[in-house]
Amino acid sequence: KAGVTQTPRYLIKTRGQQVTLSCSPISGHRSVSWYQQTPGQGLQFLFEYFSETQRNKGNFPGRFSGRQFSNSRSEMNVSTLELGDSALYLCASSRGSGTQYFGPGTRLLVL
Amino acid sequence: GESVGLHLPTLSVQEGDNSIINCAYSNSASDYFIWYKQESGKGPQFIIDIRSNMDKRQGQRVTVLLNKTVKHLSLQIAATQPGDSAVYFCAETGQSDYKLSFGAGTTVTVRA
Chain L
1 KAGVTQTPRY LIKTRGQQVT LSCSPISGHR SVSWYQQTPG QGLQFLFEYF
51 SETQRNKGNF PGRFSGRQFS NSRSEMNVST LELGDSALYL CASSRGSGTQ
101 YFGPGTRLLV L
Chain S
1 GESVGLHLPT LSVQEGDNSI INCAYSNSAS DYFIWYKQES GKGPQFIIDI
51 RSNMDKRQGQ RVTVLLNKTV KHLSLQIAAT QPGDSAVYFC AETGQSDYKL
101 SFGAGTTVTV RA
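Protein sequences, first through last, are from chains L and S.
Residues in the first sequence are numbered consecutively from 1, following the working numbering.
Residues in the second sequence are numbered consecutively from 1, following the working numbering.
Isolated chain S (complex conformation) (with noise of 0.2 Å):
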């Protein structure tokens, strides 16, 4: 079946240096890309999302990025902070799934 998928299951950054998450998707036909943020204990937070007929849209200090042509996602978070750390999850969903689908996550570190 389709999935959504991250390139790398662990990420160890330096503070203050800027992260990158990376993600493949395979359904051409999803409408929404979403980032999530977990720690441990707690349910996924809402980080950014993005719509299919965009290819870039920024938050605070975070930015994602939309290749369509290579059904590719990133998230880049500008000055990474040890609050940073946490698993991140891409996620995909179409008008008319009313489901999200979901990569294994890439977990990220910040070295002090």
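Same shape as in the complex, but just chain L (with noise of 0.2 Å):
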């Protein structure tokens, strides 16, 4: 079975753009679930979807949004990016609670 996916695995941005991020969940997941981490703050919750629903959202400022489709896939977007952004962004699938499985990340460098 594959595992969860994410892309693009790096991305440069400049202050002030805007990314988006995709997250493909291992077959059968329902739920997806993304988290910042960073040297100074470690792993951090950032918001999770299941059923094209946000169930739970961590402590982010409104700049960080997310959605999921139908077919489970999820899209996180920060827009307004600043430097302090800079992390890497993993996504996490289960089949609606308990044990998460993650993928590679995304490495952003905000410039």
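Derived by calculation from the structure, the hints in this document are not laboratory data.
Don't be surprised by glycine CBs; every beta carbon is placed ideally from N, CA and C.
There's no promise every hint is true.
As the list claims (entries may be wrong) - Not everything, but these chain S residues come out facing chain L in the computed CB check (under 8 Å):
id, residue
1, 32
2, 34
3, 42
4, 43
5, 44
6, 46
7, 49
8, 98
9, 99
10, 100
11, 102
Said to hold, decoys possible - Think about it this way: if two alpha-carbon atoms lie no more than 35 Å apart in a straight line, the pair counts; the simulated DSBU-like pairs of lysine-lysine are:
id, chain 1, residue 1, chain 2, residue 2
12, L, 13, L, 1
13, S, 56, S, 42
14, S, 56, L, 57
15, L, 1, S, 68
16, L, 13, S, 42
17, L, 57, S, 71
18, S, 68, L, 57
19, S, 71, S, 42
20, S, 42, S, 68
21, S, 42, L, 1
22, L, 57, L, 13
23, S, 42, L, 57
24, S, 68, S, 56
25, S, 56, L, 1
26, S, 71, S, 56
27, L, 57, L, 1
Take the two lone chains and join them into the complex the hints point to.
Put into structure tokens, the structure is as follows:
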């Protein structure tokens, strides 16, 4: 069974731009979660979607948004990028609750 | 807020020895406890999980122990190999949490 896939793997943007990241969950998994990982803050929860509905949201500004499609694929968007948004963005999927399985991440660098 | 934390930020182990990585958690309502391994440049890789109604679970070369009385979780790796060098995270979640809470991680270095 294929794992979680994320595209793109690497991205370089400048301040003020916006970015969209994509995630395809493991087949049969309907929950997709997004996390931000930085050296200073560690792994922080952004939001979680299940059947196209956001069920939980972390403490991030409104510039961070996401959505989920009917095939469970998910996208997250960051608008008006700031230098501090440089991070590894990780997507994880699960059947609905419990253990989550992670993708390889998207490395975002904001210049 | 409640969080999951690891006791030691680094652990150096001789190849062939057993490793023990510890984690303390504070949310007594958590249902799942999970160990992940993250190598440089990669996403966290699932190692093993344990539900709150269990106190021990074994996998291939790994054992997870859960002590709910003192809210402690540990990961034991048998016969540690160079490929085990990585950062190890414990995480916890509840049935209706829909998110993982992570500790800071322990960097394991295996000495040849």
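Here's how the hints hold up against the structure:
Interface hint at residue 32 (chain S): satisfied, since its Cβ lies 5 Å from the closest Cβ of chain L, which is below the 8 Å cut-off. With its C-beta approaching chain L no nearer than about 5 Å, residue 34 (chain S) sits inside the 8 Å limit, and its interface hint holds. For residue 42 (chain S), the suggested interface contact is upheld, since its CB lies about 6 Å from the closest CB of chain L, less than 8 Å. At about 4 Å, the closest approach between the beta carbon of residue 43 (chain S) and any beta carbon in chain L falls short of 8 Å, and the interface hint on this residue holds.
With 8 Å as the threshold, the beta carbon of residue 44 (chain S) comes within range of chain L, its nearest partner Cβ sitting at about 5 Å, so the hint holds. Hint status for residue 46 (chain S): holds, given a least beta-carbon distance of 6 Å to chain L, under 8 Å. The beta carbon of residue 49 (chain S) is positioned within 8 Å of a beta carbon in chain L (closest approach about 5 Å), and the interface hint is therefore held. With 8 Å as the threshold, the beta carbon of residue 98 (chain S) comes within range of chain L, its nearest partner Cβ sitting at about 4 Å, so the hint holds.
Restraint check, residue 99 (chain S) versus chain L: the minimum CB separation of about 4 Å is within 8 Å; hint holds. Using the Cβ-Cβ criterion of 8 Å, the hint placing residue 100 (chain S) at the interface with chain L is satisfied: the shortest such distance is roughly 6 Å. The criterion of a C-beta within 8 Å of any C-beta in chain L is met by residue 102 (chain S), whose closest approach is roughly 4 Å, and the hint holds. Under the criterion of a C-alpha separation no larger than 35 Å, the hint pairing residue 13 (chain L) with residue 1 (chain L) is consistent with the structure, at around 33 Å.
About 28 Å separates the Cα atoms of residue 56 (chain S) and residue 42 (chain S), which keeps this hinted pair within 35 Å; it holds. Restraint check: the Cα-Cα separation between residue 56 (chain S) and residue 57 (chain L) comes to about 32 Å, which is no more than 35 Å; the hinted pair holds. Note on residue 1 (chain L) and residue 68 (chain S): the hinted pairing holds, with a Cα-Cα distance of about 34 Å set against a maximum of 35 Å. Proposed proximity of residue 13 (chain L) and residue 42 (chain S) is supported: the alpha carbons are some 21 Å apart, at most 35 Å.
The suggested pairing of residue 57 (chain L) with residue 71 (chain S) holds, with an alpha-carbon distance near 26 Å, which does not exceed 35 Å. At roughly 27 Å between alpha-carbon atoms, residue 68 (chain S) and residue 57 (chain L) fall within 35 Å of each other, so this suggested pair holds. Restraint check for residue 71 (chain S) and residue 42 (chain S): the C-alpha separation of about 29 Å stays at or below 35 Å, so the hint holds. This hinted pair checks out: residue 42 (chain S) and residue 68 (chain S) have alpha carbons roughly 31 Å apart, not beyond 35 Å.
Taking the CA atoms of residue 42 (chain S) and residue 1 (chain L), the gap is about 19 Å. The hint holds against a cut of 35 Å. A threshold of 35 Å between alpha carbons decides the hint, and for residue 57 (chain L) with residue 13 (chain L) the separation of about 25 Å falls inside it, so the pair holds. With a C-alpha separation of about 24 Å, the suggested pair residue 42 (chain S) and residue 57 (chain L) falls inside the 35 Å cut-off, and the hint holds. For the suggested pair residue 68 (chain S) and residue 56 (chain S), the alpha carbons sit about 11 Å apart, so the restraint of at most 35 Å is met.
Restraint check for residue 56 (chain S) and residue 1 (chain L): satisfied, since their Cα atoms lie roughly 27 Å apart, inside the 35 Å limit. A distance of roughly 14 Å separates the Cα atoms of residue 71 (chain S) and residue 56 (chain S); the hinted pair therefore holds under the 35 Å criterion. Our distance criterion of 35 Å between C-alpha atoms is met by residue 57 (chain L) and residue 1 (chain L), whose separation comes to about 29 Å.
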